[in-house]
Amino acid sequence: MIAFVRRRFRRRPDAIVCRDAVALMAGYLDDALDARDRVRLEGHLAACPHCSEHLAQLRVTIGALGRVDVVDALPEEAVDDLVAVYRRWLAD
Amino acid sequence: MLVAIDLRCAAMADDAELVAGLRTGDEAAFAALVREHHAAMVRVATSVVGSRAVADEVVQDTWLAVVRGIERFEGRSSLKTWLFHILVNRARTAVGKERRSGTVTAEGLDDRFDAAGAWASPPVPWSDEVDDRLVAERLAPSARRLIDELPDMQRQVVLLRDVEGLPADDVAEMLGLTAGNQRVLLHRARTRVRAGLEAEMDVR
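Same order as they appear, the protein sequences are chains A and B.
All the letters of the first sequence, read from the start, carry residue numbers 1 to 92 under the numbering used here.
All the letters of the second sequence, read from the start, carry residue numbers 1 to 204 under the numbering used here.
Rather than coming from a laboratory, the hints here were simulated on the basis of the structure.
Beta carbons: idealized from backbone N, C-alpha and C, even for Gly.
A few of these clues could be false.
What the hints assert, rightly or not - Computed spacing ranges between beta-carbons, pair by pair:
#, chain 1, residue 1, chain 2, residue 2, range
1, B, Glu129, A, Arg88, 46 to 54 Å
2, B, Gly165, A, Asp14, 28 to 36 Å
3, A, Ala35, B, Asn89, 31 to 39 Å
4, A, Arg36, B, Pro141, 34 to 42 Å
5, A, Arg38, B, Asp114, 20 to 28 Å
6, A, Ala91, B, Glu71, 15 to 23 Å
7, B, Pro151, A, Arg88, 32 to 40 Å
8, B, Asp128, A, Asp37, 24 to 32 Å
Chain A extracted, bound-state conformation (with noise of 0.2 Å):
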């Protein structure tokens, strides 16, 4: 399969490697490719299951990343304590 997908991307000027396909997974997720690069990603993860299976992790990892909020998140007599806190502010 490896093999294959080399064979086919030798045979385009425009291909990249899977080393290059991952350098640019972190702005392609951002949005921030110029259009070229995108187009280059793009075609390599069209035709290399192992990049899109690295991106489809990287989307699993972004997301457990966004739900660490849930595991400290602060009590309620923190809240008073600070808020105790913001009442002296305001009346300095």
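Starting from the known structure of chain A, arrange chain B on it as the hints suggest.
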């Protein structure tokens, strides 16, 4: 697209309400902001200063600066971005990094790829099995622990970007990074967290 615009309008309306509340000394508005952001601010400040006690001071200083400076908030960024700008500034000042730009050191050549740049050992597929919100929530405690194990700059970037969801440009500016370096650090951090989550899922 329309949904994104709706969400942004909703966030701006919330911001306007909170700002108006703070300007009149409304305790409920302050409490709402604290509930929303305090734990995250402590997390980010700790990642910059390396000590929980110093972080608590930095966060309290930040709240005071927000309360005193709310008249100057012009709404050019979201209230959250403004708040984290103040926080990161103060945290970096506390550890003497306010002028120094963040640097990106070279990491060893990526051994996941062969000499031709193809996968040396292709990713083991698991994304299909875990692609939903509940699983993201189940993985969150592991992600939290894995973040703590990252090198300083990677940890700060990934906390601000992926945990807090702040825009790339603002995060680069806060940490004194170029857009390119911000992206490299984010990429490395995500790659390490991905590998850590995979190890815990025991798919290999």
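A quick look at each hint next to the structure:
1. B:Glu129 - A:Arg88: 46 to 54 Å: Hint holds: Cβ distance 52 Å, inside 46 to 54 Å.
2. B:Gly165 - A:Asp14: 28 to 36 Å: holds, 33 Å
3. A:Ala35 - B:Asn89: 31 to 39 Å: For Asn89 of chain B against Ala35 of chain A, whose Cβ atoms are near 36 Å apart, the range 31 to 39 Å holds.
4. A:Arg36 - B:Pro141: 34 to 42 Å: holds, 40 Å
5. A:Arg38 - B:Asp114: 20 to 28 Å: Given a distance of about 25 Å, which is inside 20 to 28 Å, the answer is holds.
6. A:Ala91 - B:Glu71: 15 to 23 Å: With Cβ atoms ~18 Å apart, the hint holds.
7. B:Pro151 - A:Arg88: 32 to 40 Å: holds, 39 Å
8. B:Asp128 - A:Asp37: 24 to 32 Å: Hint holds: Cβ distance 27 Å, inside 24 to 32 Å.
In the structure shown, no violation is registered for any of the earlier numbered hints.
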